[in-house]
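Undergrad: Now for the letters of each chain:
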Amino acid sequence: MLAYFIFALTIGGIYALLALSLNLIWGGVGLVNLGLVGFFAIGAYVSAILTGAGMPILVGWGAAIIIGAIAGFVVTLATTRLRDDYLAIVTLGLAEVIRLVALNERWLTNGSDGISGIQAPLKSVLGNQGFNLFYMGLVSLVVLVVWALLRRIDMSPYGRAMKAIREDQELAAFAGKNVLSFKVQAFALSAAIAGLAGALYAHFQSYISPDHFQPLITIYIFLAVASGGVGRPAGGVLGAYLVVFFLELTRFVPNLLPDFAPAQFAAIREIMIGTALLLVLHFKPQGLLPERIIPAPKP
Amino acid sequence: MTILLQALLNGIMNGTLIAVPAIGFTAIFAVLRFPNFAIAAYATIGAFAAWWVNVHLGAGVLPALIVAFAVAGFAGVAAEETALKGLRGSGALTVAIGSIALNVVLENIIRLYFGNDLRGYDLPIVPDWRFLGLRVGPQQLQSLMIAVAIMAAMFAFLRFTKFGKAMRAVADNADLARLKGIDPAKVALLTVFLGAGLAGTGGVLIGLDASIDPMLGYRVLLTVFAAAVLGGLGSIQGAVAGALLIGIAEECALLVIPPTYRSAVGFIAILLVLTLRPRGIFGERAA
Amino acid sequence: MTKYAINRRNFLGASSALVGLALMPSAARAEGDTIKLGTLTPLTGAGGPYGPVMTQTAKAVIDEVNAAGGVLGKQIELISEDDQTNPEAGVRAARKLIDVDQVSAIIGTWASSVTTAVAPLCWESGTFLATVSGADAITALPHQGYLVRTQPNTTLQGRKFGEFALEKGAKRVYFVSPQTPFAESQYTNMAKAVEAGGGETDSLVYDDKKPSYRSEVDEIMRFKPDAVVLGGYAPDTTVMLKELYRAGFEGIKIAFAYAVNQQVLDGVQKEVVEGCYTIAPSSNENATAYKRLVDLIGVEKPDPYTVQVYDQTNLIIMAMAAAGDSTGTAIKDAIRTISQGDGTTVDNAVDGLKLIAEGKAVNYEGASGPCDFTDTGDISNSSFRYEQVLDGKFSFINIA
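Chains as they are written, first to last, in the numbering used here: chain F, 1 to 299; chain D, 1 to 287; chain U, 1 to 400.
What the hints contain is simulated information worked out from the structure, not anything from laboratory work.
Mixed in with the good hints, there may be bad ones.
Label-pair distances were calculated between CB atoms; the ranges are [as the list claims (entries may be wrong)]:
1. 278/D <-> 149/F: 29 to 39 angstroms
2. 291/U <-> 257/F: 31 to 41 angstroms
3. 223/U <-> 129/D: 21 to 31 angstroms
4. 145/F <-> 223/U: 41 to 51 angstroms
5. 189/D <-> 395/U: 50 to 60 angstroms
6. 123/D <-> 74/F: 29 to 39 angstroms
7. 80/F <-> 179/D: 47 to 57 angstroms
8. 130/F <-> 189/D: 40 to 50 angstroms
9. 395/U <-> 186/D: 57 to 67 angstroms
10. 180/D <-> 180/F: 34 to 44 angstroms
As the structure is a prediction and not an experimental result, all values here were calculated from the model.
Note that the Cβ used here is the ideal one computed from N, Cα and C, for glycine as well.
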């Protein structure tokens, strides 16, 4: 049972990083990245491929961050002229293309077989239990660091400028903010965080495949950010742990509803998840933790 | 040369399957101003409704299409009223995300009731007609004609009927429309009915060529979006044009790239077009 | 709609109560008065058409054994989870089965990526894993004996398909499949067999989410094949069959039995699938397990995955009896003592358990094959069951 909790907390941490990533651009600049899972995949594969080729783990993780950032940079530049609704759909397509590349380019990603045996840092030294505990601690630490970083940005003039862009792009541009520059930086940072989450995930599970990176994860992260609190980094983190808690909680409901066949119950589970998102959007559209608007400093 | 012509024909026939749901999607966007991901579920609902009357009551294609339209339309209205209406005040993004959640719920309600088993219509299948070294499917041509007829009907509806004009007015400017005595809420309901109904009809056409299961709509969702975006969100002709173009682009691309990347073609196409023409081919209906 | 404030405390309080309530029954059970087995199958997602029947089959076997007194004096409890055809979700589900439910074995993982992701969790925790996945790399994992696979590997299957095509008089054989871990290997082995017989081959990998494959079929037809081998799954194979029909393909169609199963038959027009051959892994012709399975679950033509789950469940239960212990490690150590060797042939666990209780040796001959495992967990041999669709029904040809 304890092992299950430790595992859930680790996954919660990974989701928390993704939620921080999404919160930065959605709650920050107001861009919709429905292709979040694509950057998650890029980070995972980059680190897996590099460490598989013999590079040390930290290099793999560093590369995941950098290449994630570059990917975010490229995507923003390619889509600058797009309005928000179009951007949402294009990013969705992007994640699908990334999955297709991972699936079909066997020479690079091992295709549908996926990449096994990804190095798990210190696992041989610590043993399985020790490793799981260590990794949970590691992921939680990374979440803390990234959260602290984003919180600083959120509360700084830079963060205020991003929110101004989220609220009204044209006005912000009129006020002299270089909107494109902000968007690019935010998206790149967001993608870098998602990439880091991917790398951490890859080395935790020791196995990744194209099947891992399906749009469902993006839905979970949206649920996390929406329920935890849009526009506030702590909200995303809280939401992510809540989502994992909720996802796992729903597994135990068959004990209360014994009359359904497992296949029907699986459908019920998914209905519960969709309904939860709808309820959250209805009753607490700003999430559990309200956004903090820091007033501008007095001149 | 024949190969290219055949690819063109194939593209038109394939694109037809996407055209009708794309019209539904773009109509909802035009009036309600958000991308409705539940279109996938409405298509699946329509396909299942048609299947039910076909297999249990012996209905033919045309009656099945009408039933699909009605059932999906009502499902859309019910879903809209309960799940999405309350979100409209929070902005298009929230509603869009709500529609994603709604899609998950609806798809799984279908799964709960029908299970995952594949089903098919009890209708005949016709081999292709051949001429000049090319082949064309008569049933696909029929689907194409249905799609074109729907497009024409929608066009006429929007241009000449009171409701249609009200829809366009709300699409252009909801506040002004209200001033003129049009109730945007009623128009929204009608739009959802039409949009979901069209998606349902599209689902039947897809089910004719493929098979019917809870994931029917989900599989084509991305392509439907791409078609609507390519043609210009909000434009009915754009949806059809976009769908046909994506169909043709995919088929022609298959001549040079491996078939595994077919889905990527749609995405690349919209990225290219939107970079050069940010509003899509036919532009948007309303600013 | 009335709004009410969900404050943090209420929410956490309510959900903790819910967790407590839901966990109570399983906490009570954790005392060890039942033996727990888990199924992890795709109940939603791309594998959805296959998962539910697999789970039902495991349950049917377990119910049968429980009715006859259970195993080791205890009843067996089955806990079923959905892997959503997604290894990320599959791992979370497996963790719950292993850490919370403490199952002795997990049965039926389907997608190769799910199996590869879940396998390390199993061998690290001493939980036994029985899979139907086809990727060759799976049995090459360092599973230390905690994994068995009842699906024949691609080397054997590919060859069989090639030989069958030649037997039917085909000289030009075309292989179509979605991008799966075994597509390449299937094709290579099939091509070897066909080319050895003087034939020619080609292949095409398609995107499995499309509602039509006109240009793909055009390319297939350009090769002028005598035979097309269909290596996909039910949803995409349905489309491919329809397209082949429309394009006027009149040659031989050969499909994996899971690609063209009863669902596909029920869902398409007769002409579309008429004459199609299906090949499934099988025991030899004297084996009785297949018929027994058909009677047990009331499905006239169970697909290969369902058939394998039947075998896996029976094997695991008998292994526990033979070991005198229900842990995953016990199963791992004992499974080959009841799956192969010189004992009395049995085709189900109830009979096997009786003999084991009397101290006799048993050898399980399953519905999907003789179920004799190599050290790496692959089956060492398999016959194949050939059927043909005639007039809308499956017609048995032979087993070879």
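Undergrad: With reference to the structure, classify each hint as holding or not holding.
TA: Going down the list of hints, with the structure as the test:
1. Distance hint check: the CB atoms of residue 278/D and residue 149/F are about 34 angstroms apart, consistent with the given range 29 to 39 angstroms.
2. For the pair residue 291/U and residue 257/F, the supplied restraint of 31 to 41 angstroms holds, since their beta-carbon distance comes to about 35 angstroms.
3. Between residue 223/U and residue 129/D the beta carbons are some 23 angstroms apart, a value that agrees with the proposed interval 21 to 31 angstroms.
4. Here the CB-CB span from residue 145/F to residue 223/U is close to 57 angstroms, at odds with the stated 41 to 51 angstroms.
5. At about 54 angstroms, the beta-carbon gap between residue 189/D and residue 395/U stays in the expected band of 50 to 60 angstroms.
6. At about 47 angstroms, the beta-carbon gap between residue 123/D and residue 74/F misses the expected band of 29 to 39 angstroms.
7. Look at residue 80/F against residue 179/D: about 36 angstroms separates their beta carbons, and that is not inside 47 to 57 angstroms.
8. Checked against the given bound of 40 to 50 angstroms, the beta carbons of residue 130/F and residue 189/D, roughly 60 angstroms apart, lie outside it.
9. Take residue 395/U and residue 186/D: their Cβ atoms lie about 59 angstroms apart, and the range 57 to 67 angstroms holds.
10. Distance hint for residue 180/D and residue 180/F: a CB-CB separation of about 39 angstroms, consistent with the stated range 34 to 44 angstroms.
The structure is inconsistent with the numbered hints 4, 6, 7 and 8, although it conforms to all the rest.
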